[in-house]
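Protein chains: 2
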Amino acid sequence: MTEDYRSMWTDLGLDLDAHDALLGVLGSAYKDIYLAQKNRPEGMGYFDFVMSEVHGLRIKELMDEKAAGGKIIGSYCVFVPEEIALAANATLVGLCSGADFAMEEVEQLLPRNTCALIKSAFGFKLGKVCPYLESADMIVGENTCDGKKKAYESLGHLVNNLYVMDLPQMKTDNGKALLKKEYLRFKEAVEALTGVSITKESLKSAIGVVNAKRAAIHRLSSLRKADPAPISGLDGLLANQVFFYDNPARFTASVHKICDELEARIQDRKGAFPEKTPRILVAGCPQAVPNWKLPMIVETSGAVIVGEESCVGERGTRHLTDDTGSTLDEMMDALVDRYFQVDCAIFTPNEQRLLHIREMAAAYKADGVIHYGLQFCQPYLMESIPVEKALEEKGIPCLRIETDYGMEDMGQLKTRVEAFVEQLG
Amino acid sequence: MTEDYRSMWTDLGLDLDAHDALLGVLGSAYKDIYLAQKNRPEGMGYFDFVMSEVHGLRIKELMDEKAAGGKIIGSYCVFVPEEIALAANATLVGLCSGADFAMEEVEQLLPRNTCALIKSAFGFKLGKVCPYLESADMIVGENTCDGKKKAYESLGHLVNNLYVMDLPQMKTDNGKALLKKEYLRFKEAVEALTGVSITKESLKSAIGVVNAKRAAIHRLSSLRKADPAPISGLDGLLANQVFFYDNPARFTASVHKICDELEARIQDRKGAFPEKTPRILVAGCPQAVPNWKLPMIVETSGAVIVGEESCVGERGTRHLTDDTGSTLDEMMDALVDRYFQVDCAIFTPNEQRLLHIREMAAAYKADGVIHYGLQFCQPYLMESIPVEKALEEKGIPCLRIETDYGMEDMGQLKTRVEAFVEQLG
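Protein chains in written order, with numbering that gives the first Met the number 0: chain D, 0 to 424; chain E, 0 to 424.
This is chain D alone, in the form it adopts within the complex:
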């Protein structure tokens, strides 16, 4: 990134020294983990560029949108409907982060036994290093897990524009009614923020934009079913991560371009790894940028990751929204129908998720599943036990890991992953 952004970062209130340090670490991690990969599709050059400009050019674009009257809305969860933001001339950006920052300050506000994802969100705020967060005109929290639900009470004192969305805990009629009520309330809040009334035309168009983005990811995912896998799990994850930051139309076009290339690679039996490399499906907690710890370990241990059952992955993107509604209310209902299918572990019961993981393992021809649990993430750690059982019933090996953003357990994890991959071979 060029020096040109420094005044923008200063205007956003970033701590330039801390931010420089973060970008330094991010840059060298990206180089060591991503650029060191062999047999990458050329199209990944686009994502390399996006990542190199993730705090630069993309933020500049957001600032330009703001200058032109648009609004930026930040979110920590796939339950916040991007369609509603887009339909009101706002841009939705993901705020989850995947690195520890300002941990000492964070632990003044949150218990030590809080998951790394939540701590990281606080660290990026307290450390003043997240230009997405600082540029957001509205930050949306949501009542998913206990950790996030209670953490937003503190976050509300750190930011002055927090909006909290309630969510159901059960997939009952009542739960669905709550989701609809909350989406209608969110729509009104977004309209009030932007001064733009959402129309059936604008919502239909927004649904189309987001469906297109998800459909592009579906195409990419589908190509990962080939053996040899035409793209690494690291690169597949990256595409799913950039999903939350990039301009939607450009993202869609860029993913399709990569897919064209991957189709050619498949025809040529050209893979990121050799044919018959053990294939792993990763299921569980979201992996936000720059949390590339698990795929790096897996893909330097003789296996390839072929899919992510995660918010940053198929759980977040698998369903499209019915765009055939002819009234605003029909389209709001279609959104509720679409998001109500998300099988987050906060729901009880959540049998659909077990079935979906089994379906994914079959569809992606996975030899084994690694359940990725963030330490202290009760919903996913609890559910990892029935997930393992559901897989064992089908004879699919499963390794449950529990980790955080630290590097202290790298050696131990690598040993466990290597032993697991060995068993699949």
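Check each hint, because a few of them may be wrong.
The list cannot tell twin chains apart, which means a pair is met if one copy fits it or any two copies do.
[Stated by the list, open to error] Straight line, CA to CA, 20 Å or less: simulated SDA-like cross-link-like pairs of lysine to any residue:
(1) Lys-388 x Glu-104
(2) Lys-170 x Gly-155
(3) Lys-179 x Arg-337
(4) Lys-175 x Glu-329
(5) Lys-388 x Gln-107
(6) Lys-170 x Leu-354
(7) Lys-180 x Met-169
(8) Lys-388 x His-156
(9) Lys-170 x Ser-153
(10) Lys-59 x Val-241
(11) Lys-388 x Gly-155
(12) Lys-199 x Leu-327
(13) Lys-388 x Ser-153
(14) Lys-388 x Glu-106
(15) Lys-388 x Glu-152
(16) Lys-170 x Glu-152
(17) Lys-175 x Val-163
(18) Lys-65 x Thr-9
Hints are computed from structural coordinates only; laboratory data are not their basis.
Everything numeric in this text was worked out from a predicted model, so none of it was measured.
Fit chain E to the known structure of chain D by using the hints.
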């Protein structure tokens, strides 16, 4: 307890050897902790008897009720309305337990990082040592914290009569509507279980019985405001614990009898501890039988506990239900109004709890507050930080502790509590 109960325990499917071991530990702990206390009110003899017969005579009574056509309903939470059970000729018993049991088996079903309360519930089931659980015709789980919510999914496979109650996460109109819906659904389930239709007469009577039980506890609590405190915190906690097991009418009468004695002690300036003993309010997670760890530490460290802000304490009992309704629907609304005030940390926001703790500290003339957090209990551990802040704003010292049911940290806790008490002196 006499040998007479052994056939009853066998019929209930208890593991007699394991159960003997549990009762042995319970008995000697009770002797060391409770009977070793000095200056106890004579009326506590009643609770000593109840505790000595907690798995004996009381279970016999429940079995007699069942033989006479009544039903037993077990619950893990103060959100399950006892009034509805009583109104349908059922008896509600608390199932939460306060001791580790069968931990190796438990950790096959639950992550290690699960709070002791939940693990204990599973341990008592897996170890076959809880006659309340085994005698229950219906076991009610509820969507409070993530840990319990997800654990009930597994518990459902261990018991064949689990009923799960959904609960709101916010005190909104929508949240209240959900609670009402769920209480109506629970009423129907209880009626189906018992074959008894709840009438306005039976519900009014049940509200009266439970109000009387709570009013007796209010009287007892109020007497603890005196200096010297006429009763120890250990004994005060025990009364709040027995609240969940005993026959309601007998409990009410016994508490009033103790209160009569305490009033006389107050007049004579006779206390469980000397006048001007530093006074502690305990706030936070529930302490279920036989979890007497914290009060034992506090009251052997030169302080007296004068109140419990807990589900097993004032959070659970403080509100009475309006009994003036003249229709069933009015009375159901009164129940919803009553329970919707419970300021459990699962709610967001939950400012009322901070205010209530401050009010309690003032009312009970507490010199300091100890926030009791069970390890891995995210809602209360998260909320302990704003609690501490709210108390500090009023100049009230607060010690936040995080512990489990193990004895390994006793020394460390005692050191911290002693230092805290010293500072209050």
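The hints, checked one at a time:
no.	hint	in the structure
1	Lys-388 x Glu-104	between (39 Å within a copy, 15 Å between copies)
2	Lys-170 x Gly-155	between (28 Å within a copy, 18 Å between copies)
3	Lys-179 x Arg-337	within (11 Å within a copy, 28 Å between copies)
4	Lys-175 x Glu-329	within (15 Å within a copy, 27 Å between copies)
5	Lys-388 x Gln-107	between (38 Å within a copy, 11 Å between copies)
6	Lys-170 x Leu-354	within (16 Å within a copy, 34 Å between copies)
7	Lys-180 x Met-169	both (15 Å within a copy, 14 Å between copies)
8	Lys-388 x His-156	between (42 Å within a copy, 13 Å between copies)
9	Lys-170 x Ser-153	between (28 Å within a copy, 18 Å between copies)
10	Lys-59 x Val-241	within (16 Å within a copy, 64 Å between copies)
11	Lys-388 x Gly-155	between (39 Å within a copy, 15 Å between copies)
12	Lys-199 x Leu-327	within (5 Å within a copy, 45 Å between copies)
13	Lys-388 x Ser-153	between (37 Å within a copy, 12 Å between copies)
14	Lys-388 x Glu-106	between (35 Å within a copy, 14 Å between copies)
15	Lys-388 x Glu-152	between (36 Å within a copy, 13 Å between copies)
16	Lys-170 x Glu-152	between (25 Å within a copy, 14 Å between copies)
17	Lys-175 x Val-163	both (18 Å within a copy, 18 Å between copies)
18	Lys-65 x Thr-9	within (17 Å within a copy, 72 Å between copies)
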